[in-house]
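For the protein sequence lines, the chains are R and B, in the order given. Read in order, the letters of the first sequence are residues 1 to 296 in this note's numbering. Read in order, the letters of the second sequence are residues 1 to 413 in this note's numbering.
Treat the hints as calculated values from the structure; they're not laboratory data. What you are looking at is a predicted structure, and each value in this text was computed from that prediction instead of being measured. Note that CB positions come from ideal geometry on N, CA and C, so glycine has one too. Be aware that one or more of the hints could be misleading.
Only part of the chain B face toward chain R is listed, based on derived beta-carbon distances under 8 Å [what the hints assert, rightly or not]:
| id | residue |
| --- | --- |
| 1 | Lys31 |
| 2 | Ser32 |
| 3 | Asp70 |
| 4 | Phe75 |
| 5 | Gln225 |
| 6 | Tyr238 |
| 7 | Gln336 |
| 8 | Ile399 |
| 9 | Asn404 |
| 10 | Asn405 |
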Amino acid sequence: MDVLQHLEEESIYIMREVAGQFDNPCLLFSGGKDSITLVRLAEKAFAPSKIPFPFVHVDTGHNFPETIAFRDHLINSLGAKLIVGYVQDDIDAGLSQDESGRYASRNSLQTTTLLHLIEKYKFDACIGGARRDEEKARAKERVFSVRDDFGQWNEKLQRPELFDMLNGSIHNGENVRVFPISNWTELDVWNYIQREQIQIPSLYYAHERKVFNRDGLWMPYSDFVQIGENDEVITANVRFRTVGDMTCTAAVLSDAFELDNIIHEISSSSFSERGARIDDKRSEGAMEERKKIGYF
Amino acid sequence: MDILKIATAGSVDDGKSTLIGRLLYETDSLKSDQLEHIKVKSESRGFDYLDLSLATDGLLTEREQGITIDVSHIFFSTPTRRFIIADSPGHVEYTRNMVTGASTAQASILLLDARKGMVEQTRRHLYINRLLGIQHLVFAINKMDLVDFDQNRYEEIKIQVESWLQSASMDINTIDFVPISALLGDNVTSSSKQMSWYHSSNLLEILEKLPTISSLQEDNVLQVQHVLRPKTEQHHDYRGFAGKINSGSFKVGDKILVYPSGRSSKIKSIEKYGVPVGKTQEGQSTTILLEDEIDISRGNSIVSAENDLQVSKQLRAEVCWMQDTNLIPGAKYWLQLGIQKVQIKIKSISYRLELENLQTEPTSFLGLNDIGEIELITAQEIVHQPFHKNKGLGAFILIDPLTNNTAGVGFIR
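Excised from the complex, chain R in its bound form (with noise of 0.2 Å):
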């Protein structure tokens, strides 16, 4: 079996398992390729029935139009069910608060809005797009991640997971994050994109954009996105290799217009896939903080 049916064939049976231990299931989509990656497994998990859970996505506000209008087709498409809670809701309902200065960023206030739609759904698992390979945090994470009703992460208490069997035993209030694509690596997501002919957002591919240059990073010029007086905003080729909030996704100067340009930009890449995420950027622990407050 090559690499990508083996990583398949491993993620179809943590998502039946999903179905199959839970009563009331989501899948988290971000809108990024990892979790159009998830919706595509779960399809094939499920066929011919219909993907048996809905789709929640976290809003900041701050996303990029093109994710949005990606992630409203992909749903119509498939006839599944979205649900979507907004960031600006809990910070207008003085719950959450927006940071401030020049690297004001909504990402770690997805967290508050996450743990109130678990609350409210009464979600028992979250299926999550994340990858062993990601970041040294995401590397210790077990495939059914078994979280307080507080939302946390205990490191150092996880459970022991053995072999291929999942243990989703939680008592009332609790939940469990659930990581189909643990195994995977940022090159075997592309690879199977191509394999499958998987449509994504067009921020993936190169582009032209109005970006502006912030400690060695391209930002997009939005309105989201402080800017400084001497920062001078150019018109180049980019595209993002992570898709997430505006105000933390970086782009890479890029002229990979076709899947074949991107795939061959990322294998021979010298930056690692976060290297872009600002919000890893923050602390040697700054994944780690945020799992053990209940980030996905």
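Following the hints, position chain B against chain R.
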């Protein structure tokens, strides 16, 4: 390209993280921003070399203490093979994390400090390897630079290990030895100038050559994960039994039996993603449709009528205990074998194993990280096989009904 899953085991300060960092570094798996980070950190700690161990330890407390607490899954590739390393802790109090990391591994790298040779932890790690039925062992004798790259010292340790393996009568497919210095890079991915007396493969070559193909099991079993019932116009009476083939293979027309009901039928069609495929085998996620309408739900097993599988309510198994609360006779747990889940009661504990000398001793309980043999009774019949015969049908976990935690892992005798 194929995938090889590797477990690593070593004692504290055997240089395990450094070795993995070295493998990543020399296979160009570290990106420039990650490398830059390691450079800066190494310098700030006052090292005059790259501290490659910084590439792996992930948790803040691990970096603080310089130890591995939980399993990290680390990937690297060569042109012919994808490697997934489960970097597991060596400390006795994290044995359960080590068992977790090693459970999916096909091969194990056991690190020994050339100055110390085999230590108590090595014996424990070897026993866990045996328990999990890992078929390929690679002994990396590390820190050769600290014993002046002495061939005699290497041979001494090799003999020490070999005689232990013999006395423990372990069933292993391949055993390799390689003298290395993870810190300096000797014999990791290139041959060592300092150890010209060593003529065999370096560590990476050994890993690239290990066989990954195993023959199909004779028992043909699918445990039903989920029943697909689309209830659409097009698929009105569709009832598909979705699951991953645990063992063996199936083809259209095969006569089957369903457990625990004992009903029989024939395979009408086999589908992958809603598309008919005709046959399917071990490891594949498939959907099976039957000729007859019989009652089958999640956790039931579909097996070939010709197979002679063990179905019973009494099991004898070796277990590794993984939670603080002791295992005692009379206690009740959930047992999960694959996805079959039944209630069980511990009937008795035959013995606890003393890992230092592999002697058994009578006991009234098994505590955290203990290994011992138990007898248990299940509330319903389950389909199983001895672990040494069929890994997919021979291992189970025990779930504590009070905490919901995975309390232990068992290997059926």
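Broken hints, by number | none
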